[in-house]
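Novice: From first to last, the protein sequence lines are chains A and B. In short: position in the first sequence from 1, add 15, done, that's the numbering used here. In short: position in the second sequence from 1, add 15, done, that's the numbering used here.
One or more of the hints may lead you astray.
Put simply, identical chains are the same to the list, so a pair is met inside one copy or across any two.
Straight-line alpha carbon distances no greater than 30 angstroms define the calculated DSBU-like cross-link-like pairs of lysine-lysine that follow [unchecked claim]:
id: 1; residue 1: Lys196; residue 2: Lys286
id: 2; residue 1: Lys142; residue 2: Lys321
id: 3; residue 1: Lys288; residue 2: Lys181
id: 4; residue 1: Lys321; residue 2: Lys70
id: 5; residue 1: Lys288; residue 2: Lys320
id: 6; residue 1: Lys288; residue 2: Lys196
id: 7; residue 1: Lys320; residue 2: Lys62
id: 8; residue 1: Lys320; residue 2: Lys181
id: 9; residue 1: Lys115; residue 2: Lys196
id: 10; residue 1: Lys321; residue 2: Lys62
id: 11; residue 1: Lys320; residue 2: Lys70
id: 12; residue 1: Lys195; residue 2: Lys286
id: 13; residue 1: Lys288; residue 2: Lys195
id: 14; residue 1: Lys18; residue 2: Lys90
Calculated directly from the structure, the hints in this document are not laboratory data.
There are 2 protein chains.
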Amino acid sequence: MYKNGITLLGGGLIGASWAALFLSKGARVTVYEPRATAEEEITAYIKTAWADLAKLNPLSAAVPWAQLSITTNLKTACQNPDWVQENAPDRLDLKQKLLKEVERYLPSDTPIASSTTALLPGAIQEKMRYPERLLVGHPFNPPHLIPLVEVAGGARTDPALLQQAKQFYEHFEREVIVLKKEAIGHVANRLNAALYREVVNIVANDIASVEDVDRAMIHGPGLRWAFLGPNLVYHLGGGAGGYAQYLQHLGPSQEARWRDLGTPELSNDIKEKLVNGLESCLNDASPAQLRAQRDAALVALLHLKKQLRPPSENA
Amino acid sequence: MYKNGITLLGGGLIGASWAALFLSKGARVTVYEPRATAEEEITAYIKTAWADLAKLNPLSAAVPWAQLSITTNLKTACQNPDWVQENAPDRLDLKQKLLKEVERYLPSDTPIASSTTALLPGAIQEKMRYPERLLVGHPFNPPHLIPLVEVAGGARTDPALLQQAKQFYEHFEREVIVLKKEAIGHVANRLNAALYREVVNIVANDIASVEDVDRAMIHGPGLRWAFLGPNLVYHLGGGAGGYAQYLQHLGPSQEARWRDLGTPELSNDIKEKLVNGLESCLNDASPAQLRAQRDAALVALLHLKKQLRPPSENA
Chain A
16 MYKNGITLLG
26 GGLIGASWAA
36 LFLSKGARVT
46 VYEPRATAEE
56 EITAYIKTAW
66 ADLAKLNPLS
76 AAVPWAQLSI
86 TTNLKTACQN
96 PDWVQENAPD
106 RLDLKQKLLK
116 EVERYLPSDT
126 PIASSTTALL
136 PGAIQEKMRY
146 PERLLVGHPF
156 NPPHLIPLVE
166 VAGGARTDPA
176 LLQQAKQFYE
186 HFEREVIVLK
196 KEAIGHVANR
206 LNAALYREVV
216 NIVANDIASV
226 EDVDRAMIHG
236 PGLRWAFLGP
246 NLVYHLGGGA
256 GGYAQYLQHL
266 GPSQEARWRD
276 LGTPELSNDI
286 KEKLVNGLES
296 CLNDASPAQL
306 RAQRDAALVA
316 LLHLKKQLRP
326 PSENA
Chain B
16 MYKNGITLLG
26 GGLIGASWAA
36 LFLSKGARVT
46 VYEPRATAEE
56 EITAYIKTAW
66 ADLAKLNPLS
76 AAVPWAQLSI
86 TTNLKTACQN
96 PDWVQENAPD
106 RLDLKQKLLK
116 EVERYLPSDT
126 PIASSTTALL
136 PGAIQEKMRY
146 PERLLVGHPF
156 NPPHLIPLVE
166 VAGGARTDPA
176 LLQQAKQFYE
186 HFEREVIVLK
196 KEAIGHVANR
206 LNAALYREVV
216 NIVANDIASV
226 EDVDRAMIHG
236 PGLRWAFLGP
246 NLVYHLGGGA
256 GGYAQYLQHL
266 GPSQEARWRD
276 LGTPELSNDI
286 KEKLVNGLES
296 CLNDASPAQL
306 RAQRDAALVA
316 LLHLKKQLRP
326 PSENA
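This is chain A alone, in the form it adopts within the complex (with noise of 0.2 angstroms):
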């Protein structure tokens, strides 16, 4: 299968991190890059991912460089892939602009996914040539690591492609949701951006610090959410009637809390006490540092979670 290879636009974070996950799995991959110094930061990120991947599956000693092409031109990049996944900057004008150059090149029926964060695969689709091969597959950072990844389509999009996009992502092992409807953020970013916005709310109105704010997830909710979603855990919360009782029982209490939830705004001020509530506890620890921390966790974690028997069918 994809016996072409992959295409990916972008060798930053996500571009390099999908560059390992692909080639982790046999697949050739190119990735076109415009800054002629990136092949140095590609091939070392990947070297770091490798060794992360090696631990929790069979894997080669060595990267399989002959598999990679690195290049700075674009055409080159276009030649026939399986599969096209855009890593560009998350603007849009700059989307569209490198978008209507490879169609150029591309034959007009190649899937192009993008990994987008903030845009919809609506806007993005709107000044292609052939709109209906375009759709968002957006990762979690890193994509090696992380396994969701969020699959939509725009109002333009052929309905056939998110089936397809599912087979392709679920082809190097992801867990792929597949959205009824674009929305700003898709699922998880949605998410994360109403429990972030009542972190900022807590912090602005002085309920904890930020410190403890963090400390709250670690050792509380954020335990349960590595392996319960919300519904399951509140059908857990339910006693013997599960969901539908803890929602009858306990939803005016869930509506109280709706109701107290804040509307902050990152304003400048909110903006340096969030910073410096985070500074104050990180004991000069480097983004580096932490970041080789946390893929260490997520490594365990990903291996603990395969020999557990999953808490239900839908984990």
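Guided by the hints, dock chain B onto chain A, whose structure is given.
Specialist: The following block gives chain B in isolation, referenced to the frame of chain A:
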């Protein structure tokens, strides 16, 4: 420490779980529970919890039953304990009435911590004779496994008691946050509520199914939140410039998402959609089976977190 023992007011799931935890660290425990039939339930719960606790810490094979009393007599339960943890049903009138009676038997300076989820300490203490001794010590279900305890005082709570409570729960290896002021839902359930409101909105608006929302969580953000709080997640999302860079560059797209979040109500139609959506993916697993799987997963995750170097000192 805590030689005179701990009194638990209420022996439901939360009370029984607290009992297992306190017993496991050598405390004497008295459970007041008005239902005479509850004793069997409580001891069965403690037996199961004991097996899980033994996987996390060296523990005697047998539960030290001699350290546990269960009584239907409130006066007997209030013989000069070191600490009272109240776990009655979460209704203000009921708690106020119970504490009024408790104060007739208890020395005037014995701390009383309420496990309340939905009520404020300021409201609970309103009719107390010695309101300065009342605080919230809110656990997460099940308290013997989830480490978080949220401590909060009302306007009339003795401020020194909050630090005393922190020490008390830390003695039992809990992770404690002390709120700077009382708030509906404390901290973690405000975050839960904010996220859950958007879960309901996504399902109500047919953006994604109940099953896919839960899958998005456990394969996406839920993995990171077991180790990194939401502030730290965005710090790592900001590249070399960290949280400040994240807020500068991606703050506006957070705010764009905030503007698009929903404010649904838990109408009967939506409740039905949520319950049907969940049940369709449970494959007849009973709440008891799911709860056993949840606890096995939590034990394994807590074990893993002990082994890992924390991603930062604030972890």
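Novice: Each of the hints needs a verdict: does it hold here or not?
Specialist: Hints, verified against the model:
1. Lys196 - Lys286: between (33 angstroms within a copy, 21 angstroms between copies)
2. Lys142 - Lys321: neither (43 angstroms within a copy, 52 angstroms between copies)
3. Lys288 - Lys181: between (41 angstroms within a copy, 25 angstroms between copies)
4. Lys321 - Lys70: both (12 angstroms within a copy, 19 angstroms between copies)
5. Lys288 - Lys320: between (36 angstroms within a copy, 29 angstroms between copies)
6. Lys288 - Lys196: Intra 37 angstroms, inter 18 angstroms, cutoff 30 angstroms: inter-copy only.
7. Lys320 - Lys62: both (24 angstroms within a copy, 26 angstroms between copies)
8. Lys320 - Lys181: Within. Shortest intra-copy distance 22 angstroms satisfies the 30 angstroms Cα cut-off; inter-copy 33 angstroms does not.
9. Lys115 - Lys196: within (24 angstroms within a copy, 55 angstroms between copies)
10. Lys321 - Lys62: The answer is both: 24 angstroms in one copy and 28 angstroms across copies each meet 30 angstroms.
11. Lys320 - Lys70: Classified as both; 13 angstroms inside a copy, 18 angstroms across copies.
12. Lys195 - Lys286: between (35 angstroms within a copy, 20 angstroms between copies)
13. Lys288 - Lys195: between (38 angstroms within a copy, 15 angstroms between copies)
14. Lys18 - Lys90: within (19 angstroms within a copy, 77 angstroms between copies)
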